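Protein chains: 2
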Amino acid sequence: MKLSDTGELSLLKTIRRRFAVKSKDIIAGIGDDTAVIKPSGRNLLATTDMMVEGIHFDLNLTTPYQLGFKLVSVNVSDIYAMGGRPQYLLLDIALNKNTEQSFVDRFFDGIRDAMRSYGVFLIGGDISSSRKDMVFAATLIGDAKKHIKRSGAKPGDRIYVTGHLGDSACGLEILKKAVSCLSSASRPRRQLSTVSRKLNAKDYPIISKFKKMGLTWDTIYPMIERHLMPIARNPKGFAEYATSMIDLSDGLFIDLSRLCDESKTGAKIFIERIPVSSKMRTTSSLLGLDAIKLACSGGEDYELLFTAPSNKKINAVYIGDIVKSGRKIIDTNGREKKFSASGYKHFENQR
Amino acid sequence: MKLSDTGELSLLKTIRRRFAVKSKDIIAGIGDDTAVIKPSGRNLLATTDMMVEGIHFDLNLTTPYQLGFKLVSVNVSDIYAMGGRPQYLLLDIALNKNTEQSFVDRFFDGIRDAMRSYGVFLIGGDISSSRKDMVFAATLIGDAKKHIKRSGAKPGDRIYVTGHLGDSACGLEILKKAVSCLSSASRPRRQLSTVSRKLNAKDYPIISKFKKMGLTWDTIYPMIERHLMPIARNPKGFAEYATSMIDLSDGLFIDLSRLCDESKTGAKIFIERIPVSSKMRTTSSLLGLDAIKLACSGGEDYELLFTAPSNKKINAVYIGDIVKSGRKIIDTNGREKKFSASGYKHFENQR
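First to last, the sequence lines map onto chains A and B.
Residue numbering for the first sequence follows numbering that gives the first Met the number 0, starting at 0 and increasing by one per position.
Residue numbering for the second sequence follows numbering that gives the first Met the number 0, starting at 0 and increasing by one per position.
Hints are supplied without guarantee of correctness; some may be wrong.
Since the list gives no way to pick one copy over another, a pair counts as held whenever it fits inside one copy or between any two copies.
Unchecked claim - Taking lysine-lysine and the BS3-like style, the derived pairs with C-alpha atoms no more than 30 Å apart in a straight line are:
| hint | residue 1 | residue 2 |
| --- | --- | --- |
| 1 | K144 | K21 |
| 2 | K131 | K1 |
| 3 | K144 | K1 |
| 4 | K153 | K21 |
| 5 | K37 | K144 |
| 6 | K263 | K12 |
| 7 | K336 | K131 |
| 8 | K21 | K263 |
| 9 | K37 | K263 |
| 10 | K131 | K176 |
| 11 | K131 | K175 |
| 12 | K263 | K337 |
| 13 | K153 | K235 |
| 14 | K153 | K23 |
| 15 | K131 | K153 |
| 16 | K337 | K145 |
| 17 | K131 | K267 |
| 18 | K323 | K96 |
| 19 | K144 | K211 |
| 20 | K263 | K23 |
| 21 | K12 | K267 |
| 22 | K263 | K235 |
| 23 | K21 | K336 |
| 24 | K12 | K96 |
| 25 | K21 | K323 |
| 26 | K211 | K96 |
| 27 | K12 | K153 |
| 28 | K211 | K327 |
| 29 | K323 | K292 |
| 30 | K208 | K12 |
Quick caveat, the hints were computed from the structure, so don't treat them as lab data.
All of these numbers come straight from a predicted model, not from anything done at the bench.
Chain A on its own, in the form it takes in the complex (with noise of 0.2 Å):
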């Protein structure tokens, strides 16, 4: 059954079966010409993020149900990046015709846990045919008793990540290496869009290429399913102590260098201090891979990154120092090296 058979109200009318909300704040949801909502009194936050087929996800690689998790996390990680509270969505969404219903459903079921997992309620959006690629956005507003601004590291302060770096992008590079060894017969017969939720061995064919190289799919998985359906990180037991906070989309040395830009401040970080899991060291090293390079340079970890005085008792990694000026890495030898921001950018013939 694709879309072009059930049309658009009835789409509408799952959407609004299936998110229809009770809560005392949404005086209206969907259904009216806007979302009304209770004002909390707090400062309101708002940030928005898309996601569109060929560049940001490839359909022989995603589940439907990771696509709609990915799309709350990303906007979640936002807010969470600033200290606040995620509240309300709103959606829009570019079909193709010829999409499944089913591919709709798995998607509104990523889209309804991750927003169930982080407290979230849909309260808008609007629905549209494409030509061709499908095109996912969504706006998520939140509040927040105090934020916490990119601009606030001060000299002395502590930096710290919340968890292992670099799993994300080993994940894509396994991603990327499967769909290069891939001969066009050998591509999965169909998209994966009415695969439950996780991926199997099985949806990938060329997994065998990779057991034979000692990595079996519980040592790829993690890292497949960090890239494609991202956790974002909530702040709660470090954010009253954070004077700067972002959340780590671009890679590591990017986005400090985007705090310390905001912040007016330098930075050195630590090489052996930044946590990398095991897994993505094996990985990278069977891979030929450099894993460091992938904890610094690779996107897509939504880990924060924040800053801390020192005298903080900190449950985080503690990874380097703000420090007046400059940004350095400093390798287990010692040796002072300068790090500059780089990743990924749209428009260039990168990818």
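Dock chain B against chain A, hints included.
Just chain B now, with coordinates in the frame of chain A:
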């Protein structure tokens, strides 16, 4: 100069420079993980609308200025339709890398002029490349002292509209005819990307054919512009009396049906009271179109449709009455006919 030459960072810089705003209520605008806004204490309104190339617009027929202006207007129209004040815009744009920089500049001119005229500030967004079609999505946040839902109409209330209906639909019909008459050889030599703001007769060679039919550019251009660059109607003068309201985006019959559905009422409207411009009447008659059908079923007028008690003096066009049940249109001879919701639906093979 194309985007592939100038790149994403240059585009981001342009946006930050052009849309940098000073407002005491914007604590953080573009440039952090989220925008941060001081609460106004009023109820919050939020809406989103997207525009997809090949579905909502054709680059052979619209200028980028008009596109940008329309993207803001259609969202403002939703906030106005709730009796609210439009305030903060978030913008998602996906552009093909072969897009000319001049196109983007003119598109932002349209966004800026529309934002200025409505008193709206840009507080965030996301930029992406796309493989082919352009996609724009905007989310608009506003507030309201007293919001006006679709559901408040009561039997005995009068039904009003704020202006001429069908001009936009007639403008679209003219554009469609222009396209269908254009042989590939006589199509405009270039996209209208460098046209500064308004269209001229010379942008459409086919205009000479219309001239022979007695239709001058001065007659048809206001309708074309109404379609390509609508201006949202501010309900300031009557909002305090309105019991229900909706904006006319999909057509009088379908939008009035929605209002009646939500209010659980019926409606009767009088054909001779429906405001039709003389230009639209002339044009539709010469082109063999039904003016009343365009006025009742044509979309994208972005006039406001609202109800108010019959004892209030309202500066708008009275077209009929809310009744207990039934949806009827009454012709000049007093004959009643049922009307039903009909309009454009995505995913179906209509266009």
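When the hints from earlier in the document are held up against this structure, which numbers fail? 3, 7, 15, 16, 17, 18, 19, 23, 26, 28 and 30
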